[in-house]
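Assemble chain S onto chain R, guided by the hints.
Chains as they are written, first to last, in the working numbering: chain R, 1 to 184; chain S, 1 to 97.
If you're looking for bench data, these hints aren't it; they were derived computationally from the structure.
On a predicted model such as this, the values are computed, not experimentally measured, just so you know.
Hints are not guaranteed to be accurate.
[Stated by the list, open to error] Subject to a maximum C-alpha distance of 30 Å in a straight line, what follows is the list of computed BS3-like cross-link-like pairs (lysine-lysine):
{"no.": "1", "chain 1": "R", "residue 1": "32", "chain 2": "S", "residue 2": "90"}
{"no.": "2", "chain 1": "R", "residue 1": "100", "chain 2": "S", "residue 2": "96"}
{"no.": "3", "chain 1": "R", "residue 1": "32", "chain 2": "S", "residue 2": "96"}
{"no.": "4", "chain 1": "S", "residue 1": "90", "chain 2": "R", "residue 2": "100"}
{"no.": "5", "chain 1": "R", "residue 1": "152", "chain 2": "R", "residue 2": "139"}
{"no.": "6", "chain 1": "R", "residue 1": "32", "chain 2": "R", "residue 2": "100"}
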Amino acid sequence: MIEPHYPLFYVFHFYLFGAIALASAIAFVTRKSPVAAALWLVNTMFSLAALYVMLDAQFIGVMQVLVYAGAIMVVFLFVVMLLNLGHPSELADARGLGWKLAAGLIGLGLLSEIGIILHAKLPEQLIVARDFHEQQLQKLNAVGTIAAPLFKDYLLAFELTSVLLLVAIAGAVILGRGRAVGAR
Amino acid sequence: MLAESLALTAALFIIGVVGVLIHRNAIIIFMCVELMLTAVNLTFVAFSRFYGTAGQVFVVFVMTVSAAEAAVGLAIIIAIFRHRQTINLKDINLLKG
Numbered sequence: 001m002i003e004p005h006y007p008l009f010y011v012f013h014f015y016l017f018g019a020i021a022l023a024s025a026i027a028f029v030t031r032k033s034p035v036a037a038a039l040w041l042v043n044t045m046f047s048l049a050a051l052y053v054m055l056d057a058q059f060i061g062v063m064q065v066l067v068y069a070g071a072i073m074v075v076f077l078f079v080v081m082l083l084n085l086g087h088p089s090e091l092a093d094a095r096g097l098g099w100k101l102a103a104g105l106i107g108l109g110l111l112s113e114i115g116i117i118l119h120a121k122l123p124e125q126l127i128v129a130r131d132f133h134e135q136q137l138q139k140l141n142a143v144g145t146i147a148a149p150l151f152k153d154y155l156l157a158f159e160l161t162s163v164l165l166l167v168a169i170a171g172a173v174i175l176g177r178g179r180a181v182g183a184r
Numbered sequence: 001m002l003a004e005s006l007a008l009t010a011a012l013f014i015i016g017v018v019g020v021l022i023h024r025n026a027i028i029i030f031m032c033v034e035l036m037l038t039a040v041n042l043t044f045v046a047f048s049r050f051y052g053t054a055g056q057v058f059v060v061f062v063m064t065v066s067a068a069e070a071a072v073g074l075a076i077i078i079a080i081f082r083h084r085q086t087i088n089l090k091d092i093n094l095l096k097g
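Chain R with its partners taken away, still in its complex shape (with noise of 0.2 Å):
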């Protein structure tokens, strides 16, 4: 792979968001209460923000934070406060033993096909310039290096993305107002 060299101050910070995501990740998923599992979830979606910013991707990391951190979870942790699920411990039993090991022989399976695609090769050939994201970035600045292509190579994509918001609004509104529409 054509990978630079990075110095030093770069990796460490890497590695060091990397881990945070993915111990908060792990404590996501070992508890119990809706509420608290939300709160890790945040946390993991901020440290990817910060990964996705060290990554050249600087407008797709504040839209995680706005959207993932911000909407989402709101959202998620609206509807736990909307249905009054009383304590924690009698509503969130995980499931057995034999569950939890097929989960984890899964999980390694899963890992270790994962694994073999980090061994794949990749085509070189399309491989863009190593500074075409610092090019970019001083053309176009950060929100222009999403919104150009998304405008012109994607309008059609972009489009389409504004039927699928109105029908989830529409479903969400239906599906939430309880009595089917007409019904009174």
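Positioned in the frame of chain R, the structure of chain S alone reads:
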């Protein structure tokens, strides 16, 4: 940093899968699905470093889909709770037959 990013993606994705398998609280299962989607985003970003900005555009699409999915899914959870007074998947097994 590509190999490290892919390894972190794999670990986060697998944590999400294991979470879906071991939990019975529908809300936590949903959050595990969000974690899996985010892990995939990290792959896109890591590869976009070498293959241009198309990967970052795909991350925007994945974020949109996951936002839509969260809205609809949580509405379904609220509807189920209103109907059955529980979101424990142990008690919601009508389709199991």
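Under the constraints set out in the numbered hints, which ones does this structure not fulfil? Violated: none.
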